[in-house]
Amino acid sequence: MAKEKETRILLGNAAIARGIIEAGCHVFTSYPGTPSSEIVPAAVQFKRELGLDTYIEWSTNEKVAFDNALAASLTGKRAAVAMKQVGLNVASDSLMSSAYTGVIGGLVLVSCDDPGPLSSQTEQDSRFFAMFAKVPVYDPSTPQEAKEMVKEAFELSETFQIPVILRPTIRVSHAKQNVKLLPVKVLDRPANFKRDPERWAATPKYRFFLHKKLNETIKKIQERFENDTKWNYEVGKRRGVSFGIITCSVSFVVLLDILEELRLKKVVNVLKIGTPYPLPQKKVAEFIKRHKKVIVIEETDSVIESQIINKSKVLGRLTGHIPLQGELAPDVIYNILAGVLKEHGITNLKKIIDTKLKRLVESLNLNVRKPTLCAGCPERGVFFAIKKALPKAIYPSDIGCYTLGLNLKAVDTVLDMGAGITFASGFYQAYFQDKNDIPIVATMGDSTFYHAGTASLINAVYNKTRFILVILDNEITAMTGMQPTPGLGIRADGSEGNKIPLKELIKGCGVKWIKTIDPYDVKNLIKLLKKAREYTQKSDGGIAVIIAKHPCIIPYPEVLKDNPVKVEITEDCNGCMYCIDFFECPALLRNEEENRVEIDRMFCVDCGVCLNACPRGAIIPVGN
Amino acid sequence: MKLQIILAGVGGQGILFSSKIFSELGLRLGLDIMGSETHGMSQRGGSVIAHLRLGKFQSPIIRTGTANILYSFEENETYRNLNFLRRGSLCFVNLESMDRFDKKILKYLKEREITFKVCDAGGAATKIGSVLAANIVLIGFSVGTGLVPFKYEDLKYVLQLVSRKKDLGINLKAFEIGFKEGKLLKNR
Numbered sequence: 007m008a009k010e011k012e013t014r015i016l017l018g019n020a021a022i023a024r025g026i027i028e029a030g031c032h033v034f035t036s037y038p039g040t041p042s043s044e045i046v047p048a049a050v051q052f053k054r055e056l057g058l059d060t061y062i063e064w065s066t067n068e069k070v071a072f073d074n075a076l077a078a079s080l081t082g083k084r085a086a087v088a089m090k091q092v093g094l095n096v097a098s099d100s101l102m103s104s105a106y107t108g109v110i111g112g113l114v115l116v117s118c119d120d121p122g123p124l125s126s127q128t129e130q131d132s133r134f135f136a137m138f139a140k141v142p143v144y145d146p147s148t149p150q151e152a153k154e155m156v157k158e159a160f161e162l163s164e165t166f167q168i169p170v171i172l173r174p175t176i177r178v179s180h181a182k183q184n185v186k187l188l189p190v191k192v193l194d195r196p197a198n199f200k201r202d203p204e205r206w207a208a209t210p211k212y213r214f215f216l217h218k219k220l221n222e223t224i225k226k227i228q229e230r231f232e233n234d235t236k237w238n239y240e241v242g243k244r245r246g247v248s249f250g251i252i253t254c255s256v257s258f259v260v261l262l263d264i265l266e267e268l269r270l271k272k273v274v275n276v277l278k279i280g281t282p283y284p285l286p287q288k289k290v291a292e293f294i295k296r297h298k299k300v301i302v303i304e305e306t307d308s309v310i311e312s313q314i315i316n317k318s319k320v321l322g323r324l325t326g327h328i329p330l331q332g333e334l335a336p337d338v339i340y341n342i343l344a345g346v347l348k349e350h351g352i353t354n355l356k357k358i359i360d361t362k363l364k365r366l367v368e369s370l371n372l373n374v375r376k377p378t379l380c381a382g383c384p385e386r387g388v389f390f391a392i393k394k395a396l397p398k399a400i401y402p403s404d405i406g407c408y409t410l411g412l413n414l415k416a417v418d419t420v421l422d423m424g425a426g427i428t429f430a431s432g433f434y435q436a437y438f439q440d441k442n443d444i445p446i447v448a449t450m451g452d453s454t455f456y457h458a459g460t461a462s463l464i465n466a467v468y469n470k471t472r473f474i475l476v477i478l479d480n481e482i483t484a485m486t487g488m489q490p491t492p493g494l495g496i497r498a499d500g501s502e503g504n505k506i507p508l509k510e511l512i513k514g515c516g517v518k519w520i521k522t523i524d525p526y527d528v529k530n531l532i533k534l535l536k537k538a539r540e541y542t543q544k545s546d547g548g549i550a551v552i553i554a555k556h557p558c559i560i561p562y563p564e565v566l567k568d569n570p571v572k573v574e575i576t577e578d579c580n581g582c583m584y585c586i587d588f589f590e591c592p593a594l595l596r597n598e599e600e601n602r603v604e605i606d607r608m609f610c611v612d613c614g615v616c617l618n619a620c621p622r623g624a625i626i627p628v629g630n
Numbered sequence: 021m022k023l024q025i026i027l028a029g030v031g032g033q034g035i036l037f038s039s040k041i042f043s044e045l046g047l048r049l050g051l052d053i054m055g056s057e058t059h060g061m062s063q064r065g066g067s068v069i070a071h072l073r074l075g076k077f078q079s080p081i082i083r084t085g086t087a088n089i090l091y092s093f094e095e096n097e098t099y100r101n102l103n104f105l106r107r108g109s110l111c112f113v114n115l116e117s118m119d120r121f122d123k124k125i126l127k128y129l130k131e132r133e134i135t136f137k138v139c140d141a142g143g144a145a146t147k148i149g150s151v152l153a154a155n156i157v158l159i160g161f162s163v164g165t166g167l168v169p170f171k172y173e174d175l176k177y178v179l180q181l182v183s184r185k186k187d188l189g190i191n192l193k194a195f196e197i198g199f200k201e202g203k204l205l206k207n208r
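Chains H and A supply the protein sequences, listed in that same order.
Take 7 as the starting number for the first sequence in our numbering and just add one per residue.
Take 21 as the starting number for the second sequence in our numbering and just add one per residue.
Hints listed in this document are in silico derivations from the structure and should not be mistaken for laboratory results.
Keep in mind that this is a model prediction, so the values were computed, not measured.
Any given hint could turn out to be false.
What the hints assert, rightly or not - Have a look at the derived ranges for each label pair, beta carbon to beta carbon: (1) Gly-149(A) to Lys-272(H): 54 to 60 Å; (2) Gly-246(H) to Thr-135(A): 40 to 46 Å; (3) Thr-135(A) to Arg-244(H): 36 to 42 Å; (4) Met-118(A) to Glu-604(H): 20 to 26 Å; (5) Gly-149(A) to Glu-564(H): 53 to 59 Å; (6) Arg-107(A) to Arg-244(H): 30 to 36 Å; (7) Asp-587(H) to Gly-149(A): 44 to 50 Å; (8) Pro-570(H) to Gly-166(A): 56 to 62 Å; (9) Lys-124(A) to Glu-598(H): 33 to 39 Å; (10) Arg-107(A) to Glu-368(H): 51 to 57 Å; (11) Gly-246(H) to Gln-180(A): 32 to 38 Å; (12) Lys-206(A) to Asn-354(H): 39 to 45 Å.
Where a beta carbon is used, it is the ideal one built from N, C-alpha and C, also for glycine.
In isolation and in its complexed conformation, chain H is listed as follows (with noise of 0.2 Å):
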């Protein structure tokens, strides 16, 4: 048990997950995605560290997690569930009807903003998801609020009856502090679902009225939001202060410690919004009347300034004082900070930005360090083989790392979860209409199969679309920290679940022709390739799909010591860079002086599979 007073440094995840589990909550589920994914592990780490039996499971992805969330709490029992916040796009259809019929035991939905973004194809701001549902949201500023926050969220849940959403950007989650650990609670609550037809499978008739009662409900929310001092409340409150700062989440503690390093306090009063939606209007149109101006510094977008009634004095990204993207970074609050201090004649703050060093660094041209493949990824063998066999072919692919083979240029588009099949069969489609046949090969991750490739491919084996899919089956989700899949079978606390093997599953979505291979294998895996396309051209033939079966290597390092090949490059190298440029493995040097192409043995991890990179055949085994 956790001693008493305890502290330790947590991930602002951790301190979610903590929360979770602090508060009573009884399930738990998820599917992984940055900034969320480490929610799971440090719950599954508390639960067996305190010894509680609290159910947590990784779904198949964040519609099914949130139903199934949803339905625990029915039973009357407490449910979490979490995701980052593209995620959310998923299970918006559930978070909509949701918010209709309401909930028993105490349900939180935590989706976490990714403003940046630095790991997200958007960077939308799930308070807005909240104002949409009408849903209350909590924003954190710190992991330790964060933790505190959803203990109450899960009060708030179960008082009003109604979703609660805990909205933490990346610098909550991804931040850590020494966080105070407290008590479990214990809620003695036995599944106990309560038929009630006219709430729970309610007709359009019905809705009506639920949508009625929810407006009640959220207005109630909001009165409560008024009272509230713990999470909304004024620093400073200075009498004859004439400019304010209205924010919220991650911008109140830099704008704090801003205030604090520049002597700043006494200058300016602040209010900070921890329930943005529904927003206590009486407590912000109050702090408004008594300045001459007031910003509004939020992120990611303009919640807080679009619900504000009286816009007259109010400043923001509505008339162009906030940039419209990207984080509000110390850097981006204090320069904001600066400029409107300026503009009201409070103060004149000197930009700290070094123009010279920056001139300096820009004139060494530091390759950019982008993201690539790991030295040894299997990924990296396939996207090289599509490359060779068929060239001219459009390359449909999705999110995972694989969304990386961008890097190997075989990889064209990547829209969402589940598109690489989608636009696959869209393509074809648009082409088949002009009678045009076009080779195109789909890749997509074992898990983002699992995820979104089902519908998308029984879609295209229906509508008779023919192109070749491959499957990157490394056998966990790698991108976002290595959880297991279906298709490995293992389950989020360690425990072992029944296997979804891919290729039983895609012959259920009516594919005839699949072959597995290990994609170490180039030489093989380009021929299959080209049986592949000819199977999609034949009379009778169809979609085809090629599982490229290899573990990760990351977490199953031992795999590399079956058959390690070291290799070296010989004279014959000659400086085309044809393998940097197509096969990018960070194990392989340019070395600009020589002309020429050199081994790291830092990264490289005796794979071998870059013999087959040299047009020259310039890379060899040792000793041959």
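Take the given structure of chain H and dock chain A to it, following the hints.
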């Protein structure tokens, strides 16, 4: 005490582990800890940076021109992150020799009174059979120079606390080697 540290390098160089060392050290010294880490896509061989703020700070990110110490485990990442350093701060870099570093930038650092020290941590770590321990060599080196406000004993204690069992021996060895290098430099 208020101390802001930037740890910079590329994926796989143990930046997050180094950040763990300093945060546990802060906890041992009774300081509040705030920091920020890179996870996700950029961990795949891209630039990785950790911010660490010890003492009374509210937010996790270090602003340009305010950091006290930069530990850089890779040459190019050093250039990219020098902007974080304040006047009179410290910079420790994993580099074979000072000669490799850009002369104009060295001159600039001197103007800003930034103490710049290099240590061939990668080389030293390779010699003891674990190139991955270069981060610990560099940290040991900084402590050996006596320029940072950390004690030898505290660091050793923390290493024992945070190292995995199988890495502890090599980590302590790496720390000692770095420490000795730093001490040599100090006494020179």
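Okay, the hints, checked on the actual structure:
no., hint, in the structure
1, Gly-149(A) to Lys-272(H): 54 to 60 Å, "58 Å, holds"
2, Gly-246(H) to Thr-135(A): 40 to 46 Å, "45 Å, holds"
3, Thr-135(A) to Arg-244(H): 36 to 42 Å, "41 Å, holds"
4, Met-118(A) to Glu-604(H): 20 to 26 Å, "24 Å, holds"
5, Gly-149(A) to Glu-564(H): 53 to 59 Å, "19 Å, violated"
6, Arg-107(A) to Arg-244(H): 30 to 36 Å, "32 Å, holds"
7, Asp-587(H) to Gly-149(A): 44 to 50 Å, "34 Å, violated"
8, Pro-570(H) to Gly-166(A): 56 to 62 Å, "44 Å, violated"
9, Lys-124(A) to Glu-598(H): 33 to 39 Å, "20 Å, violated"
10, Arg-107(A) to Glu-368(H): 51 to 57 Å, "22 Å, violated"
11, Gly-246(H) to Gln-180(A): 32 to 38 Å, "55 Å, violated"
12, Lys-206(A) to Asn-354(H): 39 to 45 Å, "43 Å, holds"
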